[in-house]
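There are 2 protein chains.
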Amino acid sequence: MESSAQRRLDSITRHLLLPIQSNHGLQKVVLSSNGGLKHEEAEPVVIGGMVLDIHATPSFPANPRTTTPGKVSYVLGGVARNVAECMAKLGAKPFMISALGLDMAGNLLLEHWESAGLSTEGIWKHQNIETAVVCSVLDTSGELATAVASVESIEKFLTPEWIERFRCNIRSATVVMVDANLNPSALRSSCQLAAESKIPVWFEPVSVEKSRRINSVVKYISFASPNEDELVAMANTLSGGNVFCPIERESSTSKRSNEKLFHMLKPAIWVLLENGIKIVIVTLGSDGVFLCSKGGPNLMRVGCDGIKPCNPNEIFFNTMTASCPPKPFSSLQDSERSSFLFAVHFPALPASVVRLTGAGDCLVGGTISSLCAGLDIMQSVAVGIAASKAAVESKTNVPSAFNLAAIADDARSVYSAAEVVFHQSML
Amino acid sequence: MESSAQRRLDSITRHLLLPIQSNHGLQKVVLSSNGGLKHEEAEPVVIGGMVLDIHATPSFPANPRTTTPGKVSYVLGGVARNVAECMAKLGAKPFMISALGLDMAGNLLLEHWESAGLSTEGIWKHQNIETAVVCSVLDTSGELATAVASVESIEKFLTPEWIERFRCNIRSATVVMVDANLNPSALRSSCQLAAESKIPVWFEPVSVEKSRRINSVVKYISFASPNEDELVAMANTLSGGNVFCPIERESSTSKRSNEKLFHMLKPAIWVLLENGIKIVIVTLGSDGVFLCSKGGPNLMRVGCDGIKPCNPNEIFFNTMTASCPPKPFSSLQDSERSSFLFAVHFPALPASVVRLTGAGDCLVGGTISSLCAGLDIMQSVAVGIAASKAAVESKTNVPSAFNLAAIADDARSVYSAAEVVFHQSML
Chain U
581 MESSAQRRLD SITRHLLLPI QSNHGLQKVV LSSNGGLKHE EAEPVVIGGM VLDIHATPSF
641 PANPRTTTPG KVSYVLGGVA RNVAECMAKL GAKPFMISAL GLDMAGNLLL EHWESAGLST
701 EGIWKHQNIE TAVVCSVLDT SGELATAVAS VESIEKFLTP EWIERFRCNI RSATVVMVDA
761 NLNPSALRSS CQLAAESKIP VWFEPVSVEK SRRINSVVKY ISFASPNEDE LVAMANTLSG
821 GNVFCPIERE SSTSKRSNEK LFHMLKPAIW VLLENGIKIV IVTLGSDGVF LCSKGGPNLM
881 RVGCDGIKPC NPNEIFFNTM TASCPPKPFS SLQDSERSSF LFAVHFPALP ASVVRLTGAG
941 DCLVGGTISS LCAGLDIMQS VAVGIAASKA AVESKTNVPS AFNLAAIADD ARSVYSAAEV
1001 VFHQSML
Chain G
581 MESSAQRRLD SITRHLLLPI QSNHGLQKVV LSSNGGLKHE EAEPVVIGGM VLDIHATPSF
641 PANPRTTTPG KVSYVLGGVA RNVAECMAKL GAKPFMISAL GLDMAGNLLL EHWESAGLST
701 EGIWKHQNIE TAVVCSVLDT SGELATAVAS VESIEKFLTP EWIERFRCNI RSATVVMVDA
761 NLNPSALRSS CQLAAESKIP VWFEPVSVEK SRRINSVVKY ISFASPNEDE LVAMANTLSG
821 GNVFCPIERE SSTSKRSNEK LFHMLKPAIW VLLENGIKIV IVTLGSDGVF LCSKGGPNLM
881 RVGCDGIKPC NPNEIFFNTM TASCPPKPFS SLQDSERSSF LFAVHFPALP ASVVRLTGAG
941 DCLVGGTISS LCAGLDIMQS VAVGIAASKA AVESKTNVPS AFNLAAIADD ARSVYSAAEV
1001 VFHQSML
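Same order as they appear, the protein sequences are chains U and G.
If you're matching positions, the first sequence starts at 581 in this note's numbering and goes up one per residue.
If you're matching positions, the second sequence starts at 581 in this note's numbering and goes up one per residue.
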């Protein structure tokens, strides 16, 4: 019987490599075929917000002070939740630490988490918690008209005490991702637990305002994924003043513009690297991503060495490695000198945009799950960008399933178009 | 054992008459002490919308195009649902006919209905239904800033076919309340089923727009409860043109103003009565209520005779009758002439307003449940106004429980201040 079941699994697994196959089924098969082993292995830990986004869109331009017919939809959100959901859908099995109320929004978020087969052990559920909700009224073109965010519960209930209950999960984690929805003491507590076991920490800044929370934890952070405005705010906070101004963007997307843009962002990026962050991933929307570290390509890979591949997801690893052969820029003279700044630009992919939200979170989720699968940081960022393209083409923050073949193809395009934008001494 | 249980119930029932006792417990005891008998008895049937209201209130004035911190709350709503909930909390046991999706909002509405011990048999639940939701952003003072209503599902799924499944409930009902959220054919179907068994129908107009749906069903309607604007819209529809203009209000609330206000509304009220509606209850907000019929006080009571007292809720009946002794205006010369218009003004009660929504629905629910308990229409309207005061002093549309002693006291104030505002021939 067992060998017949195995044959069936093998046969299913072969089908999963067909181009049109989504990896929704893949994940399940991989998980079941690895069975009980899973629990022995290190898992990525994700700490932060689970939020319900309520979107109301009028059918025609809304008049103020009255009710307009339209549509109301519920979107599962929260930066940490989105990242973790994306990771799970790419084959990682994140352990989520968060807080939810026993209200309508909390029940919906929890049910979804349970139905995805993910652990809810780290999610504090209590009747005193008002589940974080963002209620947005859009205009008829889908742009935000006004929004009210009720998200204090994450700061209030996601306490150091709650997080410390899961010290075993954190200390054995492959990587810990924190979002800046955490209050400063919860952030510090998470980072310190990770640091005790040399677990790398990924900091997701959430918003310009919250990105400043980097200040008290920067020495623990290995990875940060700000957008331009968050980068500037973080650099200002870390240098103790308003040294850097928000970047004024140009509409052109030519190569020269990338270099010019990098030139403007470089001093702020350097502040983060000088403060000990090993890898800075600056997200630029339709202009792509800057991947930055000190030294050169080899040192950049070393910066990710803390992440032990945890996920024996060979199909994922092999598929992505075939699309994105490792070690590009090998002709590049590497520099071990810590005064060097090395930056690679990855382009964004053309997409049929449905909703822009979730793109940044899927970039992070795609990158982390790729690192966990054993890919290097350049391959992983390419996969992350492919995942974020799938996100903007979906109504939800995270697509209901990823098509692994499409992700591999998209990652290949991004990876092959990546180029070094800067590799010089900053002295 | 049985007689011991009975003694216990009797002892509890005595406690329930204490002034500070709310009738939340009362209702349960009355229901249990009447036990199995209940199902044999006629019940009021309520047909219409169950809606979730999502209210987002910013903590400080919201800027457009961005997110502002604040509070998001969920309020159970829908005119028919509110009326039925109010009736249930005053001891009636309404049978609800409505439609809900299997989504987050539908689950919340259904759970609440089940937990109140009410039948969900008449509520169609289906995954294709998007539960009716109204998403409102308020300003910091609690006034509506903008709102999006997604309520088509009531019109689409609350079909004549679904309603006809409950023909037995409708034909044996003590009264049928329909709200104008129903589409015209569902409205007609409900009314025709009721008419076949001479069951009186109460029409709740919902909004100015929807109140015009009276047109196709007016001949079946015994009771209507419009506000001033709905009254004018209904009268215009029934007379086939824009004969009546919206009433311009004055700020004064003196007696003369009531008479002046009635004078302005009288032609529109007469149109409704001439079209066969027996009792017109015009709600005036803080100016109270006009209760109107043809003839005089005795004919007005006869107009409600179709409602068989269904609810042997003696505590409720006795308490309210003690506060509002029947047969006021007995010195009044009654007129059997159908050319006479008889109108009584009931004042509103001073209230510490928390939220105005739900007031009109509790007025209707309080009035119908009083009629079902055997009170006459004047007593019932006084109880309805007392229930609507409790509603505006509550954050929810329907208070979590009614304090029966307070309702009786408030009803007494209203009842004793009621006065005839008009009793003349309209020829």
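One or more hints might be untrue.
Identical copies carry no separate label here, and so any pair may be met within one copy or between two of them.
What the hints assert, rightly or not - Calculated pairs, BS3-like style, for lysine-lysine (alpha carbon to alpha carbon, straight line, at most 30 angstroms):
1. K975 / K907
2. K778 / K651
3. K736 / K790
4. K651 / K975
5. K778 / K736
6. K846 / K799
Hints are computed from structural coordinates only; laboratory data are not their basis.
Note that the structure is a prediction, hence the values are computed from the model and not measured.
These are the hints, each one checked on the structure:
When the C-alpha separation of K975 and K907 is checked against a cutoff of 30 angstroms, the pair qualifies neither within a copy, at 35 angstroms, nor between copies, at 63 angstroms. With identical chains, the CA atoms of K778 and K651 are never at most 30 angstroms apart, being 48 angstroms at best within one copy and 39 angstroms at best between copies. For the homomeric pair K736 and K790, the shortest alpha-carbon distance inside one copy (15 angstroms) is at most 30 angstroms, but the shortest distance between copies (45 angstroms) is not. In this assembly of identical chains, the alpha carbons of K651 and K975 lie at most 30 angstroms apart whether taken from the same copy (14 angstroms) or from different copies (25 angstroms).
In this assembly of identical chains, K778 and K736 lie within 30 angstroms of each other by CA distance solely inside one copy; the values are 27 angstroms within and 59 angstroms between copies. In this assembly of identical chains, K846 and K799 lie within 30 angstroms of each other by CA distance solely inside one copy; the values are 20 angstroms within and 78 angstroms between copies.
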